[in-house]
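*Asks:* Each chain is listed here by its residues.
6 protein chains.
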Amino acid sequence: MAKIVAFGEIMLRLSPPGHLRFSQSPVLEQAFGGGEANVAVSLAGFGHQAAFVTRLPKNDIAENAIRQLRGHGVDTSAILRGGERMGIYFLEAGAAQRASHVVYDRAHSAIAEIDPAELDWPRLLAGADWFHFTGITPALSEGAARAAEEGATCARRLGIPVSFDVNYRRKLWSLERAREVMVRLAAHVDYLIGGVEDAENIYGVEVGLAASGRPDLALYPGVAERLVQKFGFQGVALTRRESHSASHNGWSAFYATGGKGYFGRAYEIHPIVDRVGGGDSFSAGLIHGLATGRDPQAALDFAVAASCLKHSIAGDFNLVSVAEVEALVGGDGSGRVQR
Amino acid sequence: MAKIVAFGEIMLRLSPPGHLRFSQSPVLEQAFGGGEANVAVSLAGFGHQAAFVTRLPKNDIAENAIRQLRGHGVDTSAILRGGERMGIYFLEAGAAQRASHVVYDRAHSAIAEIDPAELDWPRLLAGADWFHFTGITPALSEGAARAAEEGATCARRLGIPVSFDVNYRRKLWSLERAREVMVRLAAHVDYLIGGVEDAENIYGVEVGLAASGRPDLALYPGVAERLVQKFGFQGVALTRRESHSASHNGWSAFYATGGKGYFGRAYEIHPIVDRVGGGDSFSAGLIHGLATGRDPQAALDFAVAASCLKHSIAGDFNLVSVAEVEALVGGDGSGRVQR
Amino acid sequence: MAKIVAFGEIMLRLSPPGHLRFSQSPVLEQAFGGGEANVAVSLAGFGHQAAFVTRLPKNDIAENAIRQLRGHGVDTSAILRGGERMGIYFLEAGAAQRASHVVYDRAHSAIAEIDPAELDWPRLLAGADWFHFTGITPALSEGAARAAEEGATCARRLGIPVSFDVNYRRKLWSLERAREVMVRLAAHVDYLIGGVEDAENIYGVEVGLAASGRPDLALYPGVAERLVQKFGFQGVALTRRESHSASHNGWSAFYATGGKGYFGRAYEIHPIVDRVGGGDSFSAGLIHGLATGRDPQAALDFAVAASCLKHSIAGDFNLVSVAEVEALVGGDGSGRVQR
Amino acid sequence: MAKIVAFGEIMLRLSPPGHLRFSQSPVLEQAFGGGEANVAVSLAGFGHQAAFVTRLPKNDIAENAIRQLRGHGVDTSAILRGGERMGIYFLEAGAAQRASHVVYDRAHSAIAEIDPAELDWPRLLAGADWFHFTGITPALSEGAARAAEEGATCARRLGIPVSFDVNYRRKLWSLERAREVMVRLAAHVDYLIGGVEDAENIYGVEVGLAASGRPDLALYPGVAERLVQKFGFQGVALTRRESHSASHNGWSAFYATGGKGYFGRAYEIHPIVDRVGGGDSFSAGLIHGLATGRDPQAALDFAVAASCLKHSIAGDFNLVSVAEVEALVGGDGSGRVQR
Amino acid sequence: MAKIVAFGEIMLRLSPPGHLRFSQSPVLEQAFGGGEANVAVSLAGFGHQAAFVTRLPKNDIAENAIRQLRGHGVDTSAILRGGERMGIYFLEAGAAQRASHVVYDRAHSAIAEIDPAELDWPRLLAGADWFHFTGITPALSEGAARAAEEGATCARRLGIPVSFDVNYRRKLWSLERAREVMVRLAAHVDYLIGGVEDAENIYGVEVGLAASGRPDLALYPGVAERLVQKFGFQGVALTRRESHSASHNGWSAFYATGGKGYFGRAYEIHPIVDRVGGGDSFSAGLIHGLATGRDPQAALDFAVAASCLKHSIAGDFNLVSVAEVEALVGGDGSGRVQR
Amino acid sequence: MAKIVAFGEIMLRLSPPGHLRFSQSPVLEQAFGGGEANVAVSLAGFGHQAAFVTRLPKNDIAENAIRQLRGHGVDTSAILRGGERMGIYFLEAGAAQRASHVVYDRAHSAIAEIDPAELDWPRLLAGADWFHFTGITPALSEGAARAAEEGATCARRLGIPVSFDVNYRRKLWSLERAREVMVRLAAHVDYLIGGVEDAENIYGVEVGLAASGRPDLALYPGVAERLVQKFGFQGVALTRRESHSASHNGWSAFYATGGKGYFGRAYEIHPIVDRVGGGDSFSAGLIHGLATGRDPQAALDFAVAASCLKHSIAGDFNLVSVAEVEALVGGDGSGRVQR
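Line order of the protein sequences matches chains C, G, E, Y, V and P.
Take the first sequence: its letters are residues 2 to 340, numbered as in my numbering.
Take the second sequence: its letters are residues 2 to 340, numbered as in my numbering.
Take the third sequence: its letters are residues 2 to 340, numbered as in my numbering.
Take the fourth sequence: its letters are residues 2 to 340, numbered as in my numbering.
Take the fifth sequence: its letters are residues 2 to 340, numbered as in my numbering.
Take the sixth sequence: its letters are residues 2 to 340, numbered as in my numbering.
Check before you lean on any hint, since a few could be wrong.
Copies of the same chain look alike in the list, so a pair counts if it works inside one copy or between any two.
[To be verified] Taking lysine to any residue pairs in the SDA-like style, the calculated list, with each CA pair at most 25 angstroms apart, reads:
no.	residue 1	residue 2
1	K172	V229
2	K59	G331
3	K59	D76
4	K231	A129
5	K59	R82
Read the hints as simulated data drawn from the structure, not as lab findings.
Here chain C stands alone, though its shape is the one from the complex (with noise of 0.2 angstroms):
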């Protein structure tokens, strides 16, 4: 298998259980996530050698997030230590007509305030086959930008590919600033992950949103194309999620690499049980697909179904294995009882 290094934050999550509201549960269930940590606990539990890298406050509440990501096998043993907080998202899961909420807690954070420096890139990356980050910790503060565009920047000098999940977060960064960063950054980018509204509203290739609302998929071949002109991708994954209601969702992936596209299929997926992570989960599911050498339809396959899976699993973490993301890709979404 291979080794993976991500980076990025880790929050402490708070959620109400099922789908009270805030002001209806007096206990909050305690997870912890983040876009890359997700990604490296799905490559870990895929069997690879998946290292996080961050930086957490000395404090019980960050033991707990480390021995949590060390129990699913994900090595720990480049994370940082110092600040004075970890970052804190409360989230109030939806139903039916009703958005799922989420309420930021993550300023002056521990890896906000980071001094690139502290991370010696050139070790932290010795050996790896693959290096991974997402649009978020560009979005936290100069610092946490500026780490991640080393960190790329040195996986690209060692030949390491690199990919990105777009993951563009209004309540983090303006468009303007979040559009500047993110051009930069896709210079050091092997493999792009985002959605088309990405490719619009970040990297300026013209989809026709606002006059059509949601493009038709046939659009998604086209947009895939212009950003691989314009960017020089080695592929691009967009993905396409249908929200019927927060209960009820439509789910599916477009990738394009080597001149050449693929439609991932279409999952209707009802009930989610929770979509924070989705999309991590299908980065992961890419990442393992092409770091493993499969051919890009499977890779796809593989990434689409393990993210309909993950709508099933409550947290930020994907807890699937690989027998089971392949028993969905061979067809079996009936959810038959294995007995």
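Using the hints, position chains G, E, Y, V and P against chain C.
*Replies:* Using the frame of chain C, we list chains G, E, Y, V and P on its own:
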């Protein structure tokens, strides 16, 4: 915002968690609810000054009900204290083809044994912009019926609009008795809220339910028109629930006023988290719309959207904000995570 | 009502709450279940005298199983005490495309190590109106298989009708061994309950599954007819589950007796609260219908409706009353609140 | 073992978990309990045939109470069904210096509204070896008092020993009324169980409580002697609780019979898990001892040890075995793990 | 009753249930608390008009804090809304020899970043009878310190008594800084509440802690006297906690005023349910006593009993009534069930 | 830090929450534990490289056990996978006079059916500084006994110190068989850990338990001395538990080495949160002390304090840090909140 007074019963609600049957759980979830109290909580949540008038015994359970109402911003200062006990209802939530089940234990409650003379309506209604009650209150006892009637009469005398939600409960009284009382009360009501069954069964407006089963939406304007003609209501709202199963309902409403009729949007709600209080949340939404001077279509749209969201919220109370309702009215029922 | 005897294993069932995976929960829900015990509980709930015969060790866990059966009205006085341990099964409930997962820990259970001589069948069956067992019991061990066969033989000798639910479990025994034993047992069975797969795989009735996948309903009468011809069954019931996903199933059945065939109503069940025990609740419903002398269509309708409701109830046991089943048979699957 | 009949009320008991106050918990633990029902459960657990006679409404909550009694092995076949509601008591468990708090909601319960003629005592007591009731039953209503008295009278007539636990509850009736009724009932009682306060307050045996506070143990023999002389009891048991705090009690008892007195061992119980039902478990232990022919000291020792253990068990019911009680009688209160 | 204004921070409190460590629980209990908020809740519970002044961000978590305060009857209308985040503290409850553990995450909270000019003290204190704050507020930031000082100064100017609880937290600021600020604040304080350590460490009153460890009670009058002489306080209350273990504390206090000293009763508290807020409940009890005109001994007795009871209540808030406190003052700490 | 290898069984531990009996809870808390695994977790928590060697089946339950060990930092890479099942123990926690109760379901576990040849001890112990096992492992089966013996023999050959905790479990084997095996094993043991009962019952050192009950502490040095003389141990640790009740124990130990004896501090532990694993946490503490070169008194003090703290922690594992243990050694058992 407006000052609204609601009068009725608030009960202790005890329900096994999730979809468990009464015999399956060693704990019962404890909440409070009742038609008029639910309306008061909704309206307080929408920013109104909402006062709830009732009678509760002097014990810790009733104290807790008051504490919760107060927490939701309801004015509880006019609640009378006395009587032996507080009404209880046990609720077992159904799923799929299994219906929800209510066991009432509300006989001999403090409000059922109210002496109407305890209520000084002119003082309670001083400065009020709206008075609301439902057909559950007169079903509780002769005293409660008289108290409600005196409230409505006093409101009318003071020029305060009166809304009334029919809410016929066959476990509480016979159809004959209900008809007699509710027809008498109609004289004091400006805004009637109910279903087409109520129009036929209670108010004698021939709908043809027996022959045709669920009547076509096309009949609603005629039914409303006849109610207006017969009783002189200012407005008539008819809600429409299509129970596909305990987990999946269609939900909409029609509103007639000033000689015109308005159809609300129809929502397919799936899964239903809790449908108790659905009608009350509609009443609150309509009162909000009317009391804030919206036009009839806007008031109806707000009411239908508010009550659609209620189905996604556990408990009797509709814990949503005006902004959330307006987002749904504006078309966003996709349940996308806001982050 | 009738006196019914069921023989088989009851296990401790341990499952993470809701849709959590095994690794996600610090608690496991503790329940009890097993094919024949589930049938006994259903029948006791329908008002019959239902006795459950099994073998359980002398410890607090088994004591608890007995206490629960007794609470549900099952006669537990014939349960043998001895052996080392009680079987356990761990159940992880799936959702959407993720299948439920069973981990069996039932080897070396008290009943698997039963000495058939411990059971005095003439005494156990004295006065009984019905004997029921399933294909799980003979799969447990040679001793359990012989004990079941002796029970069925004795019942036949005493003129007591015998029903048998095929319930083939590939984790317990090979198809070859299952075929050999179940064909031998067929000689003692009056009423066979199973699926079309069982007809083909176990009883050698060519259905054409390999070629066509799920066979058309139109083929069911023919399959049943051939089973009757081949084995001389009094009645053959074939259940039909369409697994759209772990959360959504179609459910129906066909019943053949006296040269005629009867189709049950088809239910779309969504969401499924717990599908374990779905087949057992069908068996219990059918036994209820037949033992109370209903006509075949009515017996089948009761059985299908009973098992439809089971899917909305957590745990193995179908905790519904005759009145609830009959309401669904009568057409009320709307899930409306009764109040 | 013996056949024992107990008559009284069983209530739904609702309590916040742990030491939470009523206002602090969104769930209430649901259990069932009541003086005589608790005795019946204890005795069934000790292996006796224990029948519980009461009156309960026809609803799912009462059904659940019956299911639990039956699970614990109590014969529930003589329970009358009718009436409007089942009594409820809300219990908030104290800790340290904070007392436990009971809110009764038992007015108008099915048994309070019993018509004594509904009970066919000669049939109910046929074959019985013991009849037990407490001073709570006559406090419920005139009808309940008469029903209890008729039960006791009938038992005496049939030569069945009658035990009576005074259990004076000041929230249910006045001291005057209690005195009048309990003195009258004393004529039908063989075995009296109570405290020294009862001797003085109810039965007019001067103890000197006002002057001295808690009386010295040395006074107990005299008090018991005077009770025997005044009312002709066969045996008198006086329990002694020293409430150091809600979490720490001393517990013992004295028993007088045949002109002799016996002191039980004194236990210091810390922490108390649940002291409700402590007295009932003593009654059950004493009945067990006497009905199985133990000598007075052995019967008393068993009773005190059984009730000591009750304090470590949540809920009203004393879920301990004879072996566990005997181990404590034998001196093992060390709480060592058995493995 | 009196109108009391308290100013300070209210935090989200997150704690694993029971005695679990941070790493052991998938849920955290969610509550709210903070020195001055706790005092306000206590006083509202005692029947006073208690207003709490603070600054909280505009998000659902803060909304929930406000809802809870309002539910407990606290006037929340003067709470400022703004800032980035609300302070959080994580609490792990110890047991026996294991200490409780607090992880603060309160940096950058809305109140720490307050601009003192946002508070219009003359308006906030209009009509007030008492002003209370603690040494935690000035520890938060320079702005918070100034805001508190301005509040105290304004109160003094308006002739409103000011009470101050020293509450030195070494995790928040250095001893040097604390000394400087608290000595300056002493000029505006009428009633000082603290421990003998505070007298020595903060106010420079030599107690001899280093030499003797915990000082003898006999020294308390002298310490209080010197504090009065040095700073001119109207009253000085010194609480005394003897930590035998995390589960068992001794608790008492001494109060000096008008040249006389008063000793409170000493309570042994075992087990401690939650000792957080113990000091705050004492402050509230003392303010209640003084503001309602009790004599010093009675005020002190009420305060010590109130805070004794607090230790039996989960969460920061002391949810007890005046009647419950008075029962304990009157000598009933036996924890007997009231029924 | 040191590299430590422990060999033995890890079981699934299932227990009702709090003090509930097996029959009272619908959920069982799921944890993992076992003598040697507990030691490995402790040592990993103290910062050592702790490897745990065992045999576990290939299923999700065992996977979960491994995940948890790995989360706590234990090296699980040498765990063999195979066998039918994983051992289970059911634990009901006692309180006050009621003892805790263990139901073992560990027969036929993967490790009990181990083939000693599967373990390549020279490789497993390469580079190790310590080898630890207990008397539970040889009690499981002949194969497990031989595997343990080969591990100890190999360690001795490699010059690695071997510690052995007697842990005699009468539910697993007879005293005769235990004696025979444990005396044989003594030849490979450097450090013996046990109680005075073990010295007498297993190793034939006359203590006089029968005559005197619990022997005086004064006898401990003599007992240890005779064990050293008889078996040539490097060190002998004798723990001493005084079970006042299930909730209150005294706890201390004595350690003899190099001809000298050392007494540990005696702790009164009240309340006990969980005493399972108390002895294992002592072993881990002693190994920590010895392996880090502390002097005997310091090693013993650390071990006794570590195991004292264990009693306050739920589950088998002693989740404390070196700093927490050292604080208690340093005298702080006051349980004061650190803030």
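*Asks:* Should K59 paired with G331 be assigned to within, between, both, or neither, using CA atoms and 25 angstroms as the limit?
*Replies:* This pair counts as between: shortest inter-copy Cα distance 23 angstroms, intra-copy 45 angstroms.
*Asks:* I want to check one pair: K172 and V229. Are their C-alpha atoms no more than 25 angstroms apart within a copy, between two copies, both, or neither?
*Replies:* The answer is neither: 28 angstroms in one copy and 50 angstroms across copies each exceed 25 angstroms.
*Asks:* Evaluate K59 and D76 at a C-alpha cut-off of 25 angstroms and name the case that applies: within, between, both or neither.
*Replies:* both (18 angstroms within a copy, 23 angstroms between copies)
*Asks:* Reference check for the pair K231 and A129, CA-CA at most 25 angstroms: within, between, both, or neither?
*Replies:* neither (28 angstroms within a copy, 57 angstroms between copies)
*Asks:* Regarding K59 and R82, is the shortest C-alpha distance of 25 angstroms or less found within a copy, between copies, in both, or in neither?
*Replies:* within (6 angstroms within a copy, 31 angstroms between copies)
Going down the numbered hints, you'll see the structure goes against 1 and 4, while the others check out.
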